[in-house]
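Undergrad: Going line by line, the protein sequences match chains A and B.
Going by the numbering used here, the letters in the first sequence line up with residues 772 to 1196, in that order.
Going by the numbering used here, the letters in the second sequence line up with residues 772 to 1196, in that order.
Hints are computed from structural coordinates only; laboratory data are not their basis.
Just so you know, not all the hints are guaranteed correct.
Copies of one chain are not kept apart here, so a pair can be met inside one copy or by any two copies together.
[Unchecked claim] Below are the DSS-like pairs computed for lysine-lysine, each with C-alpha atoms no more than 30 Å apart in a straight line: (1) K1115 / K809; (2) K1090 / K859; (3) K956 / K859; (4) K1090 / K823; (5) K1090 / K1055; (6) K956 / K866; (7) K1090 / K968; (8) K809 / K968; (9) K1028 / K866; (10) K859 / K809; (11) K809 / K1055; (12) K1028 / K968; (13) K823 / K956; (14) K866 / K809.
All of these numbers come straight from a predicted model, not from anything done at the bench.
Number of protein chains: 2
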Amino acid sequence: MNIRFYNARILTMDGSCDLMEGELWTKEERIAYVGPVKDSSAYTWDREIDCKGNVLMPGFKNAHTHSGMTAMRSYADDLPLQEWLHTKIFPLEAKMTGQDNYDLTQLAILEYLTTGVTSIFDMYLAPEEIAQACIDMGMRCVLVSGLNMFGPALEVMERRFNELNGMHPLITYMMGVHAEYTCDKQLLENVSALIHKYEAPLFAHMSETRTETDECIERYGMTPPLFFDSLGLFDFGGGGYHCVYFTEEDMDLFVNKGLYAVTNPGSNTKLASGIAPIGRFLDKGMQVAIGTDGPSSNNCLDMFREMFLVTGLAKLLQKDASAVAPEEVLKMATVNGAHAMGLKDADVLAEGKLADIIMIDLHHPNMQPLNNIVKNIVYSGSKQNVKMTMINGQILYEDGRFADSMDAEAIYAKANQIIERLSAE
Amino acid sequence: MNIRFYNARILTMDGSCDLMEGELWTKEERIAYVGPVKDSSAYTWDREIDCKGNVLMPGFKNAHTHSGMTAMRSYADDLPLQEWLHTKIFPLEAKMTGQDNYDLTQLAILEYLTTGVTSIFDMYLAPEEIAQACIDMGMRCVLVSGLNMFGPALEVMERRFNELNGMHPLITYMMGVHAEYTCDKQLLENVSALIHKYEAPLFAHMSETRTETDECIERYGMTPPLFFDSLGLFDFGGGGYHCVYFTEEDMDLFVNKGLYAVTNPGSNTKLASGIAPIGRFLDKGMQVAIGTDGPSSNNCLDMFREMFLVTGLAKLLQKDASAVAPEEVLKMATVNGAHAMGLKDADVLAEGKLADIIMIDLHHPNMQPLNNIVKNIVYSGSKQNVKMTMINGQILYEDGRFADSMDAEAIYAKANQIIERLSAE
């Protein structure tokens, strides 16, 4: 599809949060032009879309999620992390099939589209089925393994790394482990050997709770980030999910190695895990991205809620209303997320970049008046303002409707059947 | 209008959060029937609405707001309360006309409709114009005076109390003062005399920041609630907005006098004011309602964000993922709000009650699967899920469209013109 968007306010996120008025053209999966009004009469278009002054911006990157956990939304709430995992989540997950993962990922994808998410960093049980669900629906997905002592072996991760990377333009695969507390030292050493063989970055849940951090120090005399680094696991980059209980030394490591901290404020709030010191991260020069975490601990997949929480919780933690500027938050939710996920071509709106674009509807009361559009998006925005979600040049969601190829009601019915089956004795 | 809603899941909020399947009938401004499927062939209907399994529930009560502050949304952010008020807000407010208040309240009303708010507890500059804006658009409004040393005199409050109460079925008026720190003792004593003359409840901003509380203790040797009570200001009920820095003694007072604490977590977060101890309030048996505060400090008017924050911030504060159950939150946002505002007939869905009803769309990905609908609403809900907002028997918002009588674009244009004029030198 070649599409001409005109009468747009464009937030390229290329270096600043300044808006320009103009046009954006897509040619197949790429952006062919971004700039002021330009004569387009020599071109033929599949569609010409009058943006009516609405904002075009890079889609949000959900830099940490477990999509297949949609089945367990509102199924087991109001429990702390460890109890929630061990008594409620793990027993159900043991019964989940590959087909369940496919169907439940599709439910999550519908929700991502409504909140303007154009790529996901997904760690869950059945990567092949997650990949297929994303390919079938058009979602860009960076899979990351959640290797641990209880799941598939290291060899499976290596095979997937080789097979899933390059299987489809929408899919890449990164190495990762679930967390320090679900891996023993031997396993992590073996992972490190693989990291060095492929010169690959590594991601893991990291310092999510006080207990996790304390127990790691007890076991190894080091915090989780320093322990991982001591094994060479960060020698080729990567980063951590959550990063709530970070010491100054942990932050220095992340800065020095160019690692990414992916913050998950909704989940950390709902599970009472704590507040990540995002303001301090920024002061130190750390790279921060944003994720929703899975829909069983959050419980929704809503980048607007996450963005407000990133800055809001920082303000509360620091007792400073100026903590973490909205411009920084928007950068985290777009550019930084793309870079954390290795998506160098899906970060900003510029000629030659991938057409992963959303339109924010300013013709809603919560976006008015137009004193400051970036602040409106971060402080007042909601899913309702997502007028269009385009991934890889394809419009998958527009004016509240999913692409014709998607049967939302059938997906809802399957999700209900799955949780009924999984939760039966 | 006489409307028959059928195929509904009904959350009456009458004593519990249980849902029933059935029908709800409205006759003019009242609910004529709520219950299981019933033969309706003897009646004639203006409309029969197939709810398709969606939820009918009482509309949300926004129990603390300053609607007219929409002009200042994203105009002055990232400042602490006192600096924000004195350097940014008060100078602009000094220039606002009655017509500005009318137009800006209309913008807020549009936003309330999108988030399922069916009545507002509004403290702002021009009550007559606020009332007229609400009447013209069909919003139920409890006005509350924000009496202070710098605005209209006590006599104006008394006149408004007598004139605005009963002027229209949608409008009531309550006595209130802005806050302890904007009133001297003499003024508060005069207010107390009026409270006793009319046996009226009183509301005020209360213990919103540490500074406010400390300075009150310094001035009078008492916290704001105890100081107000010492003057007899709570002899006929009422309560406080914000209530962040409450002592055990303050809580005991609120319990013993049946006062309402209206919590405003979005605003308290964005202004870095602090976290109200809601879990403790509930343990003590206090009555808690929820408000958005004004759109300049929040910055959006979104009861879903507030509901998540009420329980989420409590979980963080108490380091307990089970703190403040979602059922309690939903009660705060509906029944308790109505009671705080004196709206005894707009609290639950039952025969004879006012038809202030919203429909929550479950046919959205964030509401699936249906493991627990109440938890879905509180933990995952968003404005997007508000399929319909009915006030006083009139459908004012449905499927993303405002009633034909409302010209949203004209209201947006006016808001932009107003802030341009107010912020000019």
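Undergrad: Which numbered hints does this structure break?
TA: Those not satisfied are hints 4, 7, 8, 9, 10, 11, 13 and 14.
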